[in-house]
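Same order as they appear, the protein sequences are chains A and B. As numbered in UniProt numbering, residues 1 to 222 make up the first sequence, in order. As numbered in UniProt numbering, residues 1 to 328 make up the second sequence, in order.
Just so you know, the hints here were simulated from the structure itself, not pulled from any lab data. There may be inaccurate statements among the hints.
Covered stretches of chain B (chain A as the covering partner; in silico rule of three or more C-beta atoms under 8 Å from a C-beta of chain A) [claimed, not checked]:
| id | segment |
| --- | --- |
| 1 | 73-79 |
| 2 | 100-110 |
| 3 | 185-198 |
Where chain B lies over chain A, by a calculated footprint (3+ residues, C-beta under 8 Å) [to be verified]:
| id | segment |
| --- | --- |
| 4 | 47-57 |
| 5 | 81-93 |
Within a straight-line C-alpha distance of at most 30 Å, the following computed DSS-like cross-link-like pairs (lysine-lysine) qualify [stated by the list, open to error]:
| id | chain 1 | residue 1 | chain 2 | residue 2 |
| --- | --- | --- | --- | --- |
| 6 | A | Lys101 | B | Lys280 |
| 7 | A | Lys101 | A | Lys132 |
| 8 | A | Lys132 | B | Lys280 |
| 9 | A | Lys101 | A | Lys218 |
Built from N, CA and C at the ideal position, the CB exists for glycine as well.
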Amino acid sequence: MNAVPDLPADIDAALLLRWLDAVTSVIEQEADHLTQLDSPIGDADHGANMRRGFRAARTALEQEPPDTPGAVLVAIGRQLISTVGGASGPLYGTLLRRAGKALGDAPAVTAAELRDGLRAGVDGLVQLGGAKLEDKTMVDALLPALDAFTAALDAGGGTEQAVTAAASAAEEGATATTPLRARKGRASYLGDRSIGHQDPGATSSALLLTTLADTVRKASSS
Amino acid sequence: MLINVPENVVPDALRGFAAVHTDLTVDVERRVIVRRGAPYDGQVGLVSGGGSGHEPLHGGFVGRGMLTAACPGEVFTSPVPDQMVRAAAAVDSGAGVLFIVKNYTGDVLNFDMAAELAEDEGVQVAKVLVNDDVAVTDSLYTAGRRGTGATLFVEKLAGAAADEGAPLDRVAGIARRVNEASRSFGVALSACSTPAKGGPTFDLPEGELELGVGIHGEPGRERRAMMTSGEIADVSVDAVVDDLQPDAPVLLLVNGMGATPLLELYGFAAEVHRAMGARKVSVARTLVGNYVTSLDMAGASVTICQADEELLRLWDAPVSTPALRWGC
Chain A
1 MNAVPDLPAD
11 IDAALLLRWL
21 DAVTSVIEQE
31 ADHLTQLDSP
41 IGDADHGANM
51 RRGFRAARTA
61 LEQEPPDTPG
71 AVLVAIGRQL
81 ISTVGGASGP
91 LYGTLLRRAG
101 KALGDAPAVT
111 AAELRDGLRA
121 GVDGLVQLGG
131 AKLEDKTMVD
141 ALLPALDAFT
151 AALDAGGGTE
161 QAVTAAASAA
171 EEGATATTPL
181 RARKGRASYL
191 GDRSIGHQDP
201 GATSSALLLT
211 TLADTVRKAS
221 SS
Chain B
1 MLINVPENVV
11 PDALRGFAAV
21 HTDLTVDVER
31 RVIVRRGAPY
41 DGQVGLVSGG
51 GSGHEPLHGG
61 FVGRGMLTAA
71 CPGEVFTSPV
81 PDQMVRAAAA
91 VDSGAGVLFI
101 VKNYTGDVLN
111 FDMAAELAED
121 EGVQVAKVLV
131 NDDVAVTDSL
141 YTAGRRGTGA
151 TLFVEKLAGA
161 AADEGAPLDR
171 VAGIARRVNE
181 ASRSFGVALS
191 ACSTPAKGGP
201 TFDLPEGELE
211 LGVGIHGEPG
221 RERRAMMTSG
231 EIADVSVDAV
241 VDDLQPDAPV
251 LLLVNGMGAT
261 PLLELYGFAA
271 EVHRAMGARK
281 VSVARTLVGN
291 YVTSLDMAGA
301 SVTICQADEE
311 LLRLWDAPVS
321 TPALRWGC
């Protein structure tokens with residue numbers, strides 16, 4: 001296993017709540033871009049759906065902020081399932097709920113524990129949606145991100161290095177969906193005509209991770 | 001667009017539905033449309049739903065002899081599980097509930113989650129997946145055939161069976177039989193515009209058409225130079241007849257995508273009848289109109305359902321909904 005014994009438990013509920021706040025703003029800014037990506041190969045609503053979900057999650061968690069990182073992720077996942085609809089609601093909702101459950105009720109977790117949580121989340125998402133690598137989906141951003149996260153920890157990195165590596169890998173994975181032919185979701189109906197377009201779901205997955213990296217960097221520099 | 005703000009298109013329409021159709025209970029906030037008086041003693045409840053933008057599907061098909069409840073999602077976005085769970089609770093008489101689900105990744109995932117939650121609450125749930133669109137050929141490497149026009153046949157025929165008091169396994173069996181006996185093919189003459197985007201979802205130049213489109217503004221599989229109504233009928237009828245190979249009379253739906261006038265649709269219906277005759281397929285009943293639409297898309301789809309005596313009887317049975325009404 002990749003257990004690194006002396007990692008600090010530096011990921012707490014407050015950090016993930018700051019992430020939620022930041023990611024909601026980022027999704028607001030990027031909503032039109034996500035919708036544009038979704039037009040040629042989908043149905044032009046990914047931005048609006050994600051914005052609705054994260055707005056609802058931020059409002060709900062501001063009213064009743066959970067006090068563990070696991071509970072924060074579970075609560076965001078529930079809100080996404082209840083407000084987003086489409087495929088992205090259940091998929092992102094399951095990703096975060098499973099990740100949150102895997103973190104348990106610890107008041108703070110290490111980067112390795114967060115990585116294990118994310119792995120549980122991605123497993124749940126894959127089980128639900130059935131996508132494999134290179135099907136041109138969120139999975140193309142998330143699986144490389146998990147690998148990069150692990151590699152950074154193995155190389156002796158801490159939370160900041162690990163999430164930064166994961167974010168870069170997710171961005172690269174999202175970009176790399178462009179030449180792929182979609183085999184899952186609505187883009188799959190287009191056959192070869194889905195080639196040449198970046199997948200909106202992989203793009204929003206990368207946004208979640210780049211924002212996490214930004215949030216962690218800000219926390220460690222302050 | 002004739003709207004206030006894009007974010008409120010669905011609740012605004014539901015407020016209108018509530019104001020106009022007083023024989024339905026419309027929960028605008030929670031987005032559930034229920035037949036007034038539900039649950040009906042001993043009757044199976046029929047619940048469907050899906051993204052908005054396909055009106056009158058599904059809300060317009062709530063009423064006697066068809067759906068007991070409908071759950072509208074955002075435009076082209078499946079509803080969330082909370083809506084289906086609420087609808088199931090509202091229509092369950094103890095005889096169980098049938099979920100009618102169009103085969104799209106989002107709809108399947110949300111209805112699956114809802115079925116699990118409803119069963120936790122003690123409601124017996126059966127599901128039928130509608131996947132009639134023959135334009136999706138490569139089912140192994142795609143999300144599978146889409147649910148389109150056959151949804152109307154499934155909702156009408158299963159709804160009639162439920163109205164007669166058939167038990168859940170029988171209502172579900174009829175729904176599955178209808179889906180298996182149905183095929184559809186759609187053509188777009190223009191793209192549709194979603195409120196969120198404010199413009200066309202794909203670029204379809206004047207003088208071209210798109211063959212094999214779905215109902216979500218997604219482009220089809222092939223683009224061609226504009227064809228005549230007769231040529232489009234030949235392509236569409238060949239696609240559905242080749243795939244189904246019917247050996248009995250069929251129910252026929254000549255469906256408009258939203259922006260094609262009835263004048264053109266009836267001309268197209270004439271061509272479809274001619275093409276069916278040329279393929280030696282006899283048409284038992286025909287419905288013409290805008291029933292399973294794609295916002296303001298111009299174009300049409302052809303759906304056939306091979307019908308035996310029982311299905312014909314269920315088709316002719318009374319129905320009283322905002323969009324389909326006869327025999328009452």
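Taking the hints in turn, this is what the structure says about them:
Remark: the segment 73-79 of chain B is confirmed as covered by chain A, as 7 of its residues place a Cβ nearer than 8 Å to a Cβ of that chain, reaching the required three. Only residues whose beta carbon comes within less than 8 Å of a beta carbon in chain A count, and the segment 100-110 of chain B has 5; three or more means the coverage holds. Beta-carbon proximity to chain A at under 8 Å applies to 3 residues in the segment 185-198 of chain B; the threshold of 3 is reached and the given coverage holds. Counting residues of the segment 47-57 of chain A whose beta-carbon sits less than 8 Å from any beta-carbon of chain B gives 4, enough to reach three: the coverage restraint holds.
With a threshold of 8 Å between beta carbons, the proposed coverage of the segment 81-93 of chain A by chain B holds, since 11 of its residues qualify and at least three are required. A threshold of 30 Å between alpha carbons decides the hint, and for A:Lys101 with B:Lys280 the separation of about 60 Å lies outside it, so the pair is violated. At most 30 Å may separate the alpha-carbon atoms for a hinted pair to count; A:Lys101 and A:Lys132 meet this at roughly 23 Å. Restraint check for A:Lys132 and B:Lys280: the C-alpha separation of about 44 Å exceeds 30 Å, so the hint is violated.
Of the pairs offered as hints, the one joining A:Lys101 and A:Lys218 holds, with about 26 Å between alpha carbons and a cut-off of 30 Å not exceeded.
Consistency note: the structure conflicts with the earlier hints numbered 6, 8.
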